[in-house]
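Please model the entire structure based on the sequences and the hints provided.
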Amino acid sequence: PKILNTRHQLPSLPLQILFYVNGVYYIFYFLATLAVIVYKSEVFSYPDDFLAPDLALLLIMAVLEVLRLYLGSKGNLTEDETPLGLSLALTVGSVILSVYFLAWQTYVLRAEVVLNAVLLFTYGLESVLKVVAIAAFVS
Amino acid sequence: PPETRAATPARTRSGPAPVTDVAKLCVCDLLVAQCDVNCCCDPDCSAADFSLFTTCSVPIVTGDNRLCSQKAAIYSLDVEANPPERIFKLIDQVNPSIFCIHATNYKQALYFNSPEMPTSENFDQLLKKFGSATFSAEPDSWNMNTDAQNPADTNETYRYEYGVPIQTVDAFLRLPSPVVSPWCSDANPAAFLVNQATKCSRSVSVEKCGSIQAVSMLFYINSSILAVNITVQSVVIQSLNGMRTSLNGSDVLRLPMILDELCINVVLGVSYHITYTDAGEIIEAAASFVLGAIKKEALSIQQSFEISFTQVNTKPVPLSGNPGYVVGLPVRAGFRPQGYPFPVEILFAALNTNKYGQFTILQSTSSQDCLAAQGARTPILFGYNMVSGCNLRITAAMKCQPLAQTLLDLLKGQSFPEYVASFGNSQAHDVLDWVPITHLHTSEQRIYNTFQSSCQIPVSLEIAVKWTKYGSLVNPQARIVNVTATITSTTLKQLPSGRERTIPITSSVVFTDVSSPAEPGYKAWPTINAKLPFDFFFPFV
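Protein chains in written order, with full-length UniProt numbering: chain A, 1 to 139; chain B, 1 to 541.
Worth flagging that the hints you see were computed from the coordinates, not collected in a lab. One should not assume that every hint holds.
[As the list claims (entries may be wrong)] Here are a few chain A residues that face chain B, going by a calculated C-beta distance under 10 Å:
1) Phe30
2) Leu102
3) Tyr107
4) Glu112
5) Val113
6) Val114
[Said to hold, decoys possible] Label pairs and their in silico Cβ distance ranges:
7) B:Ser132 / A:Tyr39: 43 to 49 Å
8) B:Gln93 / A:Val38: 39 to 45 Å
9) B:Thr20 / A:Gly93: 34 to 40 Å
10) B:Ser46 / A:Asp48: 18 to 24 Å
11) B:Phe112 / A:Leu77: 27 to 33 Å
12) A:Leu120 / B:Leu52: 55 to 61 Å
13) A:Tyr39 / B:Ser57: 31 to 37 Å
14) A:Phe30 / B:Ser57: 47 to 53 Å
15) A:Val38 / B:Ser69: 22 to 28 Å
16) B:Thr20 / A:Asp48: 22 to 28 Å
17) B:Leu473 / A:Tyr39: 55 to 61 Å
18) B:Ile91 / A:Gly93: 51 to 57 Å
[As the list claims (entries may be wrong)] A few chain B positions that, by computed beta-carbon distances, are all more than 10 Å from chain A:
19) Asp36
20) Ala109
21) Glu207
22) Ala227
23) Glu462
24) Lys466
25) Thr486
26) Thr488
27) Thr506
28) Ser516
Owing to the predicted nature of the structure, the values given are computational and were not obtained by experimental measurement. Note that beta-carbon positions come from the ideal geometry of N, C-alpha and C, so glycine has one too.
Following this line, the structure appears as structure tokens:
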């Protein structure tokens, strides 16, 4: 009888776990960043033409994140390298946005430094695992 | 032209750069180039100064403490060392909160803005941005409201209040008066209801007779008080030796002219009489002139000016206040005509139109002898308590009754009034405005001596005037409410012949303020007006 050969099971389990954790964490990250922006606008002098870009970029990041996680998860499970590749490309955008929230936004609080550092670490880990998975699928 | 603009470029100035270095900031350094006491961060202090300090008034200078890490300068005094020395430490202060600002890309967040300095280029734009209605250059926007309140044109009669300058067509009615120096100043306006009399000097010369405006009649009647022309009431010619003649034809304008080396028809005095209504409108104005002549050698003349106001349809009664009595003016008094209360229009004070003679008391003379007093009396002025008296020498030969009568006449005077006006402007026909004088008689003797048949002579007259404050709290008017005249008599014992006795006779006037303390009136407390709306129970009612 044919035994399930683990060598033929290409979808990466750690990557999938990471996608799940990333999703949960991102929901927390999004709500926390929104709350911190509201706090900053109350406590500090936060004029409208500085507040608007920050909020807009947060929304774009959320959309990007949803898309990225969906494509990544789909690509991983269907062992298709195209969506996974797209997801990797979108990760680059997410990393840039995260760096923006870490260093280039109007006010950077210590809490945001922590949030974004964790997010960047997650992205880094994900990118490594995605590259490994793509390599496995292609070959 | 663009060449000149390029030649003079406008430099945008800005304020001094803000100091942000914590080590250089010192809040307690107030004196320049001098050491401030207990100021440890003062660069002007030397080590010797530091050794005399007791504490550091500014122990720490930090930047914005919302930043996660910032520089702080800590100043302290080491009192253990001998001599005490200042310790200066520059440390990095860390804010433990997780909401501290780690970084900021918004420069104006943590510092005050340096405001833009206005130059000729950006002034209009700055004015538009920051100048509100206060600095607006167009007053038309807020002038429209005041125009709506004052639509009066010059032809309309103008309502005056007390003290308001009387307006004429071009300026104000002038009453020349001396200002600082005795020379006439023509800029003094006449104020409504303010009776004034002024005297001032004017420099003249016979050569310039016709050209000096201020000595010509025309100058004083030229300007019409808005709708009312100033008429010439009478003209009196004063000759060089002072004799005055009244002229009959007073409608002819006499202008100064040179006659026989004299300048005649020179105005020496003007007396304005303004008639007004009780609504505050001037309906008539008349001027009486005194014209004189000046000689060739005269360098200046003295002019006198007067203005008086009369209400229309009233006889000009000299007022002692309007309406309340004014301190220092005589108390007005008079008699009730016989036949009252039939409506008779007779003036109370008809018997004595001289306001100083209506209510008088005995005046002390230098001789101090009552019987030689010659009836000198002094008017009772409101608010002035007065005491006067004289000494009466009684001889044995004097009879009681004539003496008593003489003393009564001496104390009370010839026409002691029956009524006193309660207000300074009480009119004669307002009966209720007059207060009757209450007479009291007391005797100096004690009751145990009940034999009143012996001779009683009056020795003192005390007039007690009780007045009260009447009217508004901010401008109370004095009103007389009670006048009591108390005559004190004493028994005249028969003297053995040859003996003389001197007794003092006194009369006094005392004014007492009997105003009740003011009770300000308060508005009623606001009540909660909670009512349901009219159609609250709509479908059912």
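For each hint, the structure was consulted:
1. Of the supplied interface hints, the one on Phe30 (chain A) is violated, with its beta-carbon coming no nearer than about 18 Å to a beta-carbon of chain B, more than 10 Å.
2. The restraint placing Leu102 (chain A) at the interface with chain B holds, with a minimum CB-CB distance near 9 Å, inside the 10 Å limit.
3. Given hint, Tyr107 (chain A) at the interface with chain B, holds; its Cβ is 5 Å from that chain's nearest Cβ, closer than 10 Å.
4. With its C-beta approaching chain B no nearer than about 7 Å, Glu112 (chain A) sits inside the 10 Å limit, and its interface hint holds.
5. Restraint check, Val113 (chain A) versus chain B: the minimum CB separation of about 5 Å is within 10 Å; hint holds.
6. Satisfaction of the interface hint for Val114 (chain A) is found here, the shortest Cβ-Cβ separation to chain B being roughly 7 Å, below the 10 Å cut-off.
7. For Ser132 (chain B) and Tyr39 (chain A), the hinted distance range of 43 to 49 Å is not satisfied, since their beta carbons lie about 34 Å from each other.
8. At roughly 28 Å, the beta-carbon separation of Gln93 (chain B) and Val38 (chain A) lies outside the given 39 to 45 Å, and the hint is violated.
9. In this structure the supplied range 34 to 40 Å holds for Thr20 (chain B) paired with Gly93 (chain A), their Cβ-Cβ distance being about 37 Å.
10. Roughly 52 Å separates the CB atoms of Ser46 (chain B) and Asp48 (chain A), a value that falls outside the hinted 18 to 24 Å.
11. Checking the proposed 27 to 33 Å range against Phe112 (chain B) and Leu77 (chain A) shows it is violated: the Cβ atoms sit about 58 Å from each other.
12. For Leu120 (chain A) and Leu52 (chain B), the hinted distance range of 55 to 61 Å is satisfied, since their beta carbons lie about 57 Å from each other.
13. About 35 Å separates the C-beta atoms of Tyr39 (chain A) and Ser57 (chain B), a value consistent with the hinted range of 31 to 37 Å.
14. As the Cβ distance of Phe30 (chain A) to Ser57 (chain B) is approximately 49 Å, the hint placing it in 47 to 53 Å holds.
15. A hinted range of 22 to 28 Å for the beta carbons of Val38 (chain A) and Ser69 (chain B) is consistent with their spacing of about 25 Å.
16. In this structure the hint that Thr20 (chain B) and Asp48 (chain A) lie 22 to 28 Å apart at CB holds, the actual value being about 27 Å.
17. At roughly 57 Å, the beta carbons of Leu473 (chain B) and Tyr39 (chain A) sit within the given window of 55 to 61 Å.
18. About 42 Å separates the C-beta atoms of Ile91 (chain B) and Gly93 (chain A), a value inconsistent with the hinted range of 51 to 57 Å.
19. A cut-off of 10 Å between C-beta atoms confirms that Asp36 (chain B) is not in contact with chain A; the least separation is 33 Å.
20. A Cβ of chain A approaches the Cβ of Ala109 (chain B) within 10 Å, the least distance being about 6 Å, so the stated non-interface status is violated.
21. Listed as outside the interface, Glu207 (chain B) is consistent with that label: its C-beta sits roughly 81 Å from the nearest C-beta of chain A, beyond the 10 Å cut-off.
22. For Ala227 (chain B), the requirement that its beta carbon stay farther than 10 Å from each beta carbon of chain A is met, with the minimum near 63 Å.
23. Every CB of chain A is more than 10 Å from the CB of Glu462 (chain B) (nearest about 81 Å), matching its label as outside the interface.
24. Here Lys466 (chain B) stays apart from chain A, with its beta-carbon at least about 71 Å from theirs, past the 10 Å limit.
25. Distance check for Thr486 (chain B) against chain A: the nearest CB is about 83 Å away, which clears 10 Å, and the non-interface claim stands.
26. At roughly 88 Å, the least C-beta separation between Thr488 (chain B) and chain A is larger than 10 Å, which holds for a residue marked as non-interface.
27. Distance to chain A confirms Thr506 (chain B) as a non-interface residue, since its nearest Cβ pair spans about 85 Å, more than 10 Å.
28. Against chain A, the non-interface label of Ser516 (chain B) holds: every CB pair exceeds 10 Å, the least being about 60 Å.
Of the numbered hints stated above, those contradicted by the structure are hints 1, 7, 8, 10, 11, 18 and 20, listed in ascending order.
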